[in-house]
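**Student:** For reference, the chains in residue letters:
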Amino acid sequence: MNITIDYFLILSAVMLGAGMYGFFTRRNTLAILISIELILNAADINFAAFNRLCQTGIEGYVFTLFSIAISAAETAIAIAVMINIYRMLKNNYVDELDTLKW
Amino acid sequence: MDYSQFLNMGQELSLLAVILILFVADLFMCTDRKSGKGVLNTPLPVILLTVHTLLGLAPLVCPCCVADATAFGGMYVSSAMAVVVKTILNVGTVIVFLTAHEWLKQPDMANKQGEYYTLTLFTLLGMYFMVSAGHFLMFFIGLELASVPMTALIAYSKKSQESAEAAAKYILTALFSSGLMLYGISLIYGTTGTLYFDQIAPQIHATNLVQLAALVLFIGGIGFKISLVPFHLWTADAYQGAPTTVTSYLSVISKGAAAFVLFVVLYKVFAPIIDQANLLFFWIIIFSITLANIFAVRQNNIKRFMAFSAISQAGYLVLGVMGATPQGLTAIVYYLLVYMAANLGVFLIISITEQRSGGKVNISDYDGFYRTNPKLSFLMTLCLFSLAGIPPFAGFFSKFFMFMAAFKAGFVVLVLIALVNTVISLYYYLLIVKAMYIIPSDEPIPTFKSDGYTKLGLALCTLGVVLIGIISWFYSYIDQFSFGL
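Chains E and Z, in that order, give the protein sequences.
Numbered by my numbering, the letters in the first sequence go through residues 16 to 117 in order.
Numbered by my numbering, the letters in the second sequence go through residues 77 to 561 in order.
Bear in mind the hints are in silico, worked out from the structure with no lab data behind them.
As the structure is a computational prediction, the values presented were derived from the model and not from experiment.
Built from N, CA and C at the ideal position, the CB exists for glycine as well.
Errors might be hidden in some of the hints.
[As the list claims (entries may be wrong)] Covered stretches of chain E, as calculated for chain Z (at least 3 residues, CB under 8 Å):
1. 46–56
2. 78–84
[As the list claims (entries may be wrong)] As a list, the in silico DSBU-like pairs of lysine-lysine whose alpha-carbon atoms are at most 30 Å apart:
3. K531/Z <-> K116/E
4. K234/Z <-> K105/E
5. K188/Z <-> K525/Z
6. K451/Z <-> K525/Z
7. K451/Z <-> K105/E
8. K436/Z <-> K531/Z
9. K510/Z <-> K116/E
All chains, please: the whole structure from these sequences, using the hints.
**Tutor:** If you want it as structure tokens, here you go:
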């Protein structure tokens, strides 16, 4: 069976949708972070799949590598912020982050 | 490989050198060491950054001999306009460092002040790469380098819950928007097969729905950085929770860089579908200016108030993007310069008042400020008038050129709505002036003397507010570069 580009694109679209849904519905900051990772990985899959389709150069693969490294850095700093919040509030639910509003 | 191409990115290299020097100096001169004398506190970073700014100005002395330089096969493109923008960002950062002096002098801050400078300069480096990007990879790396250390800066007051909360809100929304933008970039790659700005444009077509989706996702990502209305929800919280100097950095420097990049990408990449982009921006600008104005009226915390003021100013800033004309680009850069002077001036006064009065940041705390601190009240009034756009000050001219650019591009209705909103904005800026001059108070903030760094910063900002508008040289100087983009 030949795996066409459609399969990759459907997979990444589903991941994007799941990530966006999770971002808006989850209440735990770590779960929100996981949802964001889904979105970033959806884009990475797109890049790799499109590069496989184009067959010219390795631009997409290289972009994927950089994107993975950058999202790792982002996750690290996001988790650092959350640990800091956990120390103060003893939980990490976004509902509790209500000191600043309006 | 031709290593001489690194010389084309001279400004980035010299900024990197500044960062490395500060990083090493932090090891040996920090105040918690026995021999440390706190040398790092403001003089060293300010002097290094000033030298770096002057070095960067060198190619601008004779405008005729500036040629576009590229590095890494066109991923990095340095134009004369990019150098101008970087210089403006440099000057802004110097003023922010001057603001930070009093805050970093506190005993519990003194031993981690080196981190503040290094992190701030790393975000500046990210903005440099963003401004000079010629490829979406360079653009994305620059964007992330500008926003990841920014989170650490917002969360800088480790013991403050507000600071941590602001950082969490910032990083989560930043990650979400950059994820969506990455998806948009991947769609562009899929439909055109390249990521170089120059090569994409010929393959963009208005009938291609995937590319239109990519445009929307891209505007979402960059709109978050500039804090335009549908993507503005983080702004007020992050501005209020962050330390005041970081707020001033966030409100001017990172916003200005992003607005410039937005123009460049729309002009270079999305040129064939600029009409669709304009339709989007038409509504984004109207909502940004109007909603932010309405929300600003009801604020009491002055930092939060300045956040909504910044959202509305961002709406005016993006007005120059409409039509993507060379005149619009000049208007954006000029607006950025003027806005920087006025906004940093206000934040300097907010910051020094906060430090000297034990953390008072409410507008009602400023009641009777004129009786105790007449000079600061006067300077604050100048800066607020400039932000509102009252004629003798620079803010009037920057708004005028912005409206001219949009008007000539044919957006008459939009200019009219923006004009009406200028009047509304005048009302809420005057609320602060009223608090300082008219409303009496039993316990006004006591009289205090500012330190030398704050005075220097205030002098620079006041000069900017008064002179940039009257001396037409600034506008015509910027204007001569904008046609070569």
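**Student:** If a hint holds in the structure, say so; if it does not, say that too.
**Tutor:** Now the hints, each set against the structure:
1. 46–56: It holds: at least three residues are needed, and the segment 46–56 of chain E offers 5 whose Cβ sits within less than 8 Å of chain Z.
2. 78–84: It holds, with 3 qualifying residues against the three required.
3. K531/Z <-> K116/E: Judged against 30 Å, a Cα distance of about 33 Å means the pair is violated.
4. K234/Z <-> K105/E: OK: K234/Z and K105/E at ~15 Å, within 30 Å.
5. K188/Z <-> K525/Z: holds, 26 Å
6. K451/Z <-> K525/Z: holds, 10 Å
7. K451/Z <-> K105/E: Measuring from Cα to Cα gives roughly 46 Å; hence the hint is violated.
8. K436/Z <-> K531/Z: Given pair K436/Z, K531/Z holds - Cα atoms ~20 Å apart, limit 30 Å.
9. K510/Z <-> K116/E: Roughly 25 Å separates the two Cα atoms, so the pair holds.
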